[in-house]
Each structure stands twice: as structure tokens, then as C-alpha cells.
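Taken in order, these protein sequences are the chains called P and W. First residue of the first sequence? That's 127 in my numbering, and the numbers climb one at a time after it. First residue of the second sequence? That's 153 in my numbering, and the numbers climb one at a time after it.
I should point out that these hints are in silico values taken from the structure, not numbers from a laboratory. Each hint should be verified, as a subset may be incorrect.
Claimed, not checked - Keeping only pairs whose Cα atoms sit at most 25 angstroms apart, straight-line, the calculated DSS-like set for lysine-lysine is: (1) P:326 / P:302; (2) P:260 / P:216; (3) W:241 / P:261; (4) P:261 / P:250; (5) P:260 / W:154; (6) P:351 / P:390; (7) W:154 / P:250; (8) P:302 / W:241; (9) P:216 / W:335; (10) P:390 / P:373.
Everything numeric in this text was worked out from a predicted model, so none of it was measured.
Residues per chain, in single letters:
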Amino acid sequence: MNPIEVNNLHKIFQTKRKAAGLAGSMRSLIKPEYSSTEAVRDLSFQMEAGELLGFIGPNGAGKSTTIKMLTGILHPSSGDAKVLGFTPWKERQKLAYQIGTVFGQRPQLWYHLPAMDTFILFGKIYELDDRETKKRIDYLTEAFEIKDLLDVPVRKLSLGQRMRCEVAASFLHRPKLLLLDEPSIGLDVVAKQNIRDAIKRMNQEEGVGVLLTSHDAGDLEALCKRVIIVNHGQIVYEDKVSNLKRKFLTNKMVEVRYAQEVAKDFSIAGVEILKVGHYGVKLKFDTAKTQVDSVISHLSSAGDIVDITISDPPLEEVIARIYQEANK
Amino acid sequence: MKHFAKYWSIFQITLLNSLAYPGEMVGRSLMIIPFMWIFYQLWKVTFSTAGADVISGLTLRDTLWYLMLAETIELSRPPLARTMSENVKDGSIAYILNKPYDFMLYQFSAAMGETIFRALVNAIFGGLTVWWLVGAPNHPEGFIIALPAIFGAWFLQFCLNAMIGLSAFVVEDVSAFTWIYQKLAFIFGGMLIPLNFYPQWLQTFAKMLPFSSAMYGPVYLSVAPSRELFISVMTLQLAWITALTILLIIIYRRGLTQLTVNGG
Chain P
127 MNPIEVNNLH
137 KIFQTKRKAA
147 GLAGSMRSLI
157 KPEYSSTEAV
167 RDLSFQMEAG
177 ELLGFIGPNG
187 AGKSTTIKML
197 TGILHPSSGD
207 AKVLGFTPWK
217 ERQKLAYQIG
227 TVFGQRPQLW
237 YHLPAMDTFI
247 LFGKIYELDD
257 RETKKRIDYL
267 TEAFEIKDLL
277 DVPVRKLSLG
287 QRMRCEVAAS
297 FLHRPKLLLL
307 DEPSIGLDVV
317 AKQNIRDAIK
327 RMNQEEGVGV
337 LLTSHDAGDL
347 EALCKRVIIV
357 NHGQIVYEDK
367 VSNLKRKFLT
377 NKMVEVRYAQ
387 EVAKDFSIAG
397 VEILKVGHYG
407 VKLKFDTAKT
417 QVDSVISHLS
427 SAGDIVDITI
437 SDPPLEEVIA
447 RIYQEANK
Chain W
153 MKHFAKYWSI
163 FQITLLNSLA
173 YPGEMVGRSL
183 MIIPFMWIFY
193 QLWKVTFSTA
203 GADVISGLTL
213 RDTLWYLMLA
223 ETIELSRPPL
233 ARTMSENVKD
243 GSIAYILNKP
253 YDFMLYQFSA
263 AMGETIFRAL
273 VNAIFGGLTV
283 WWLVGAPNHP
293 EGFIIALPAI
303 FGAWFLQFCL
313 NAMIGLSAFV
323 VEDVSAFTWI
333 YQKLAFIFGG
343 MLIPLNFYPQ
353 WLQTFAKMLP
363 FSSAMYGPVY
373 LSVAPSRELF
383 ISVMTLQLAW
393 ITALTILLII
403 IYRRGLTQLT
413 VNGG
């Protein structure tokens, strides 16, 4: 049995519309008008046991709505889904014992209390023995490197530290499946890498399946074997990450800031200059045609570099390329 | 046993959380002192104008102790409806709903965790003030006898507020409903004026409503305790608790199907 089976899932939200100003408010009061938004359209996919599946797309693509239906918080407008054999919106509580969730933008740790208090509370909520809870906390403390953070009130932690505790807390009850909704949002490079490493370790050591939503292609490259890309509530691409990388994630962007003013011609064959200023430059190039180290050495010859960022193109661009390929 | 231990833990953690800023909580509780002083001035004038020591079975001392307990119950109650509405608006309802517990029992345990310490502090400040103004209560044992009814009052207030809070699943903002509820509770719950002082027809009507079981009944029992009153207050309260719990479960189940979680 696949841990996730989704068939023709559909979710329509009714949104109240109101014209601007007092007249619009009054009109809306007397005769409210609603418009329908299709957040998820006819979605079907499966996830295998122990799989690390990326579920990505730009903002508003329907990723979070799908996760909320898969955890049973939202009822679908139509369609069917089975998560670990349960219909989530009918058996939400039974399912909750088996899954873990992290909603990157919403804290689940008690804000004014040390994270340890929430860990102990979760032990009770998931009906673990006190000894088992303690053993589990010790293990997660080591896996997520949060030993020094557990006794500090959550409000005093940095975002990266808090997220490590948030993700660790979601593993407390040994879930068979973890649903991560934007776990790396707002984190710096080091914090992102820490979270990714810990998730990978839990997947390898405990075989927990992970469905990960993100609008960061980096999460996908670092963690997932297979990817589903959604846009406007529909699947636009489904394949191995290696294939996606080969076909669509070939571009890299490099942004460099110099210690002093530079006056160098940054033109290199096969490299597109996106932005150039007195103290820096932003370039884009295809890694299949131009080697990263040749670009870096060209840039470093221009002056003393104080900051450098290498990033993937935004997902919107990847999706545009997928559409272009499909239309060819 | 483990099943119920989780609700006890939720109660404990909410209590701990409410103690994160004890100075702020104690400062807020000091508000009961001027309230009691104003009530004392108002009711002293009323009793002296009426030229009576007892009005509708209550002395000035009874009235002040009645109002102290009523204010303690009201000021200790957490803003449940507003919190539930905020949870829906900011999307944090997603976390509260996806844990293996009964959502309404979670809310009740958390509400009681917020209530207990505040109630204790309010009762101490309010009680000392009233003691200083009018002396010890005529029936101190009444506060012990009324304890089950006071907890029942909090449960009924929880049911009423949770129903308003659940309407946030559909309408998101519940401030209008909260405002209406507060005014009804003030008038028909006997929060500012004990229902004994109302005209007979209004008294009869008000005593039939749940607001009376959620405030007047338990509070009046504490200042005029008797076996008959205990039985009648508890009977009516249990009837309302049963009816409103069933209604709350129905509304909750319907609300779940219509929930829209913001932010995706």
C-alpha cells in the first residue's frame, strides 16, 4: 500500500468580493457576491513508502491546500485521497497519530515557553510513555543538534534555531510520514542546510516518508528523488529530480559584490549579464555550456569579492520552460 | 488514562504559558479594585435611598460579595471566541486541528489553564477590597458550596464562546457576535445588577436563559447558600450544559466541512 494515494482531488474556495469604498461595503452587506477559486484541480498522484517526494510550485499553486487536505484539516470539494490507508478528512484523529507536520510559516512550539515543554506536551498528546518520550528527545536532540536550545524560551531563538526545533518536534512520535510545508522559508543558507541534513538522516535511519512542499528548487535538489511540480492547482511536471535538473535546472545565477569599485567588462561567452553596477554584477549562465569555476575565476579577477551568492532560477522560470517544452 | 492525561498536560502548559509575564497578569487583575470601589459607591447610595437594609433578599454586603464573584468569573474568562477567530485568520488553526485529540476538549483544557490563575488573583484582590469596604461575607461556606456551580458556569461560558468562535470557520471575524454576547451576558446574566433586583416578569424570563446559569445562579448560590437553591441551580445548569454541549458538537462538525484556512 502506498502511503499516499490521491485521485482527482479538487478544492474550490468561495471568496467574498467587495468593491472599494463605503458604497461597495454597503452593497456587499446587502447583496454579497462571491467568486470561486479553484485552488486544486483534478490532482492525482502516489507516493511510495520511505520516499522523499518534492511537491513544489510558485506561491498560490495549491501546495499548502493539498497538504491541508492530506492532513484532514480541509475537506475537498470532490475527489478522493488515502493517507496511510485513512481518508484524512474522515479519520483525522486516527491519522494524526501516524503523521507529522510542519507548516513553515506557523509555529507549533509554545512561544513563551522553552521548546522542551512542547516536546513533553507532544509526548502526552501522542500518548507516549514518559521514559519513551525522554529517550526520543535525547535522540532528536542529537540528530538536530538542539541540545543547547531546548531550555531557552522559543521567542528568544533565531528563526533557523526555531525551525530545527519545530521539525524535531514533528518527529517525536515516530511518524510514518512527514508532511513538510515550506520548512525552509525565510532561512539563511546554513540554517536550510542544517534542516535538510536532519530530514535526510531521519529518512535514512527511520524510513519515514517525506512529502515536502517548497518554492525553493534548492530544497528539491538537496532532498528529493522525485518531484511533482504544480501550478494553478494542476500537475505540470512529474519526474525524477535528476531528469528535472538535466532538462530544466541547468541555469545558475551568480551575484557578486566587490570591496571596491570595479570597471571590468564582465562579458563571457554564453553568460547573460542581468545587472551590473559599480560594486557588483549579477550573471546567469547554463551550466551545461559554461563551467561554474570559469565564471567564478573570471569574476574574482575583477577585484576583491566581499559577498557571492549562487542560486537556482526562480521556480516561475522553470515552470515557464516546462510549458515552452510542452508546446514545442 | 493516557487519553485524559493529554488534556491535563494541555491545561498545565496553558497555565505555564499564562505565567510567562506574571507582572502583566497581576497588573491587569488590579482593575478589579476600582471596579469594586465604584460598585460600593453605587450600591451604598441605592440602599440608603431605598432606606432599607435588605432589598430583594440581599444586603449591601451580600450585593458586594455577589458582584466580586461575578467580576472574578467574568474577568478570568479568556477571550476564547476572539482567539479561535485569530487562529482561523492567521492559519494557525492548521496546527491545532491536526493533533490526535478532541479539538473541543483541547480548547476547554486550554481555556481552563488560562482561567484558573487569573481567577485566583482576581478573587484575592477583589475579596480583600470588598472585605475592607463591607466586611466578611455573611455566608463564607457559600463559596465552597458554589464551587461545582462556578466550574459549571465556566463550562457554559466556554460552550457559548466556542459556538461564537466556531462561526469564524465560516465568517472569519466574530467581533460583532462577541459584542452582542457580552451585552446579553451583562443584562441577562446578572453581571452588573443581581437578577433579584429586576421586575418579576424580567427575572422569570432571565432565569430561564443560559446566561443566568453561566453567572447569576452560581454567584447567588455563593451569597445565599441553601440545599434547595443548590439543587435548583445545579439542575438547571446541567440541563443547559447537556443542551449546549450537544449543540456545540453539531456546530463543530458542520463548521469543519466549511473551514477555510488562510495562507493556502
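_Numbered hints the structure breaks, given as an ascending list_ = 2, 3, 6, 8, 9 and 10
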